[in-house]
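Mind docking chain R on chain E? Use the hints.
Number of protein chains: 2
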Amino acid sequence: MKGIEIKKIFRETEKYADKEICVAGWIRSVRASNVFGFIELNDGTFFKNIQVVFEKENLANFDEIAHLNIGSSIYVTGKLVLTPEAKQPFEIKAEKVVVEGLSTPDFPLQKKRHSLEYLRTIAHLRPRTNTFSAVFRIRSLAAYAIHKFFQERGFVYVHTPIITSSDAEGAGEMFRLTTLDLENVPKDENGNVDYSKDFFGKSTNLTVSGQLECETYALAFRNVYTFGPTFRAENSNTPRHAAEFWMIEPEIAFADLKDDMELAEDMIKYIINFCLENAPEEFAFFSNFIDKGLLDRLNNIVTSDFAHVTYTEAVDLLLKSGKKFDYPVKWGIDLQTEHERYITEEVFKKPVFVTDYPKDIKAFYMKQNDDGKTVAAMDLLVPGVGEIIGGSQREEDYDKLVNRMKELGMNPDDYSWYLDLRKYGGTKHAGFGLGFERIIMYMTGISNIRDVSSFPRTVKNADF
Amino acid sequence: MKGIEIKKIFRETEKYADKEICVAGWIRSVRASNVFGFIELNDGTFFKNIQVVFEKENLANFDEIAHLNIGSSIYVTGKLVLTPEAKQPFEIKAEKVVVEGLSTPDFPLQKKRHSLEYLRTIAHLRPRTNTFSAVFRIRSLAAYAIHKFFQERGFVYVHTPIITSSDAEGAGEMFRLTTLDLENVPKDENGNVDYSKDFFGKSTNLTVSGQLECETYALAFRNVYTFGPTFRAENSNTPRHAAEFWMIEPEIAFADLKDDMELAEDMIKYIINFCLENAPEEFAFFSNFIDKGLLDRLNNIVTSDFAHVTYTEAVDLLLKSGKKFDYPVKWGIDLQTEHERYITEEVFKKPVFVTDYPKDIKAFYMKQNDDGKTVAAMDLLVPGVGEIIGGSQREEDYDKLVNRMKELGMNPDDYSWYLDLRKYGGTKHAGFGLGFERIIMYMTGISNIRDVSSFPRTVKNADF
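From first to last, the protein sequence lines stand for chains E and R. Quick note on my numbering: the first sequence kicks off at 1 and runs consecutively. Quick note on my numbering: the second sequence kicks off at 1 and runs consecutively.
For the record, the hints were derived by calculation from the structure and aren't laboratory data. Careful, some of the hints might be misleading.
Identical copies look the same in the list; a pair holds intra-copy or inter-copy alike.
[Said to hold, decoys possible] Below 35 angstroms or equal to it, Euclidean Cα-Cα: the simulated DSBU-like pairs (lysine-lysine) are:
no., residue 1, residue 2
1, K2, K148
2, K258, K148
3, K2, K96
4, K93, K112
5, K350, K258
6, K258, K320
7, K148, K269
8, K93, K111
The following block holds chain E by itself, in its conformation from the complex (with noise of 0.2 angstroms):
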């Protein structure tokens, strides 16, 4: 006995009216009288149910399925019926049920709106509820556009390290990662850590950003891409920040600012239509129970021409504006997100690139503008969210990045891998991060991050 995957049945109705078939799944609901019944039977490979009638007369054991807790697993066997007069457009006439798994009156999904805090704590649970069924299978479409909109374009994918013994930025709080034994750490002669004692021989951490690594790629494939977990040991207890999550970042060589910004254009509106094609109940679904605004937001995106403006323009619309921002504009401030929001949501009405922003506000390894104060960077906000891409021309200049570094204090030696290909036909690259999890928030109108990561990391917070 073989269940037929409910998406089947939605998709190619035609193959299976009127047949005898069978299929597996999780009953969401069942409500019966003495001598009839419905079943509301989900097997997670489609975000509707399909509905099971089932009669005393045909079912041997027509009590004890009228009596099967919610969540029960059940095989059902019958013919599917089409029902052009009712609200959903088919059911099947059960003529056996065989139970697969019981469930219990304790099960903790019954049929009630749970809060999303609730259900943060069953998250091994969650997926079984609408809300969760249709976040992760667009996660999981939406981590499939990625691979698909750069594979097609003949990206090469990288896994870059997750361990390193590096700090990609200079900035971000790393975890450590160590093998010796805490309670007894050793020491050295001089009382320091001795790391020569750790798995590594040195001290490590988890990476916060594959962007170095893959630089070194786009220096030999030309068009690279990394898709992997990064981590930030932030004590930032926010709706927006986890501790893990996953990034993208492409990288380009023989390629510019524009270059840059045209790709992130280019990738945004394919993930967002992918999407749109392949989930369209999902979407129905947000955006009448989560986020009444969504499918205009997401359809002005994939329709408009991203609009640009310099750091600098920028900074005088926010002046001009005769806005009162909490966080005071000044040229050289970093854009606060009601700066971010005022832009790209009151001034251009659509998703907005923001390039050429002050070099002190900005990572060492950008591209320095010849006006000696801004660097090639950008960054893309989007209505409704503000900054959701950040990116930049790196620089190329062997002896302008490592004065940048001195400037910055750091030690040019730590970087010489990094600082070889500058030395080594270096050529104009460009590269940016898209956080994974911001764009699910993004499309789904899910607005904490707990709430698009499967089992969510967050500051005193690793269950499961």
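This is chain R only, laid out in the frame that chain E set:
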């Protein structure tokens, strides 16, 4: 000026023939007389180089170009001329060559054969060699093939957590993760490490497997897979072990061991076929220069129906073989590589699933067979390597699972969420794990895991 990707010129030659084009790339070799010269140019988008011919009478900077060092990056503009009589199918007659980035005479990749060991010391430059260009392009294609395979079958991709507070198999040495100050580890009143002060408020590790979390998603979405990095802090300095590697772990509900093996067989064939179709130049290279028998072995896999044998039958075959093994054979031992290779290479001469292993050598979560001695496990053995996949049906019986955990000294309370899957609509389900680097080694003939990982992490080595 925008360089056309060299791959496009090879794949759609007619489109560019006799036209003026521009390419960009890195010089693999340059040789010149006083009046003309040849450059082998590679831009990373394709395994092969394109030949550039340049002549003194056409190029103002002829002397500069003739003396460029290997590794320099250039833009070349000129006409693409078909050369049906020559070794290469076409060449570019340069009209303009612009230097993008110089290289130096001490560029570490000179035009000679370098040992793989030496190339590991310049892991940031080695993707610019033929061998690593081929390895990492195939790695990228294989990763994509895996996503394509599962997504086309409706599987949901789950990002299971990397940071974990549980140990997936009750085995496997793990890396500890901490933000505690190792110079001064906080202790509680009993003198033990005070993990309540650590980032997550408890002791955490890097995952060794996403399986248990994947099971929670399979019992919601039916068919799921995870594909992400996993970690082992094992002090094994062998060509097959790394501390960081990627793993594919599908999990399927309403499915048994037979379904699991069908899925594994289909997946392996799909990955190999996809790579063979999309990287013929790379496979020709491996087959010529790395492993003469490679293509035969891969073709044997994709055209065979995989064999099936139980562990008990396999032990009988080994005992009856008359072969002398380093590790003596008797029922109950864990099969060693020499045993596995005998079974797959000499008995079956094709891939073979060995099933129903003694429960004492397998993990707690595997489904116990009715004989009381074995579990519904499977290993896939392939010629040339031995085990490449390990999987099982999972124990779906709550009581049997709890009893097995207790027998093994595990505390069921630590796994309450995992046990819940057997309380609330449990179903038959199964899954397997494929070490990603292992299949890349298998497909390329590369015998050391350090040569299929971008920046390998092994005992005492976390460089770059």
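- Task: Hint by hint, work out which the structure violates, then give me just those numbers in ascending order.
- Result: Failing hints: none at all.
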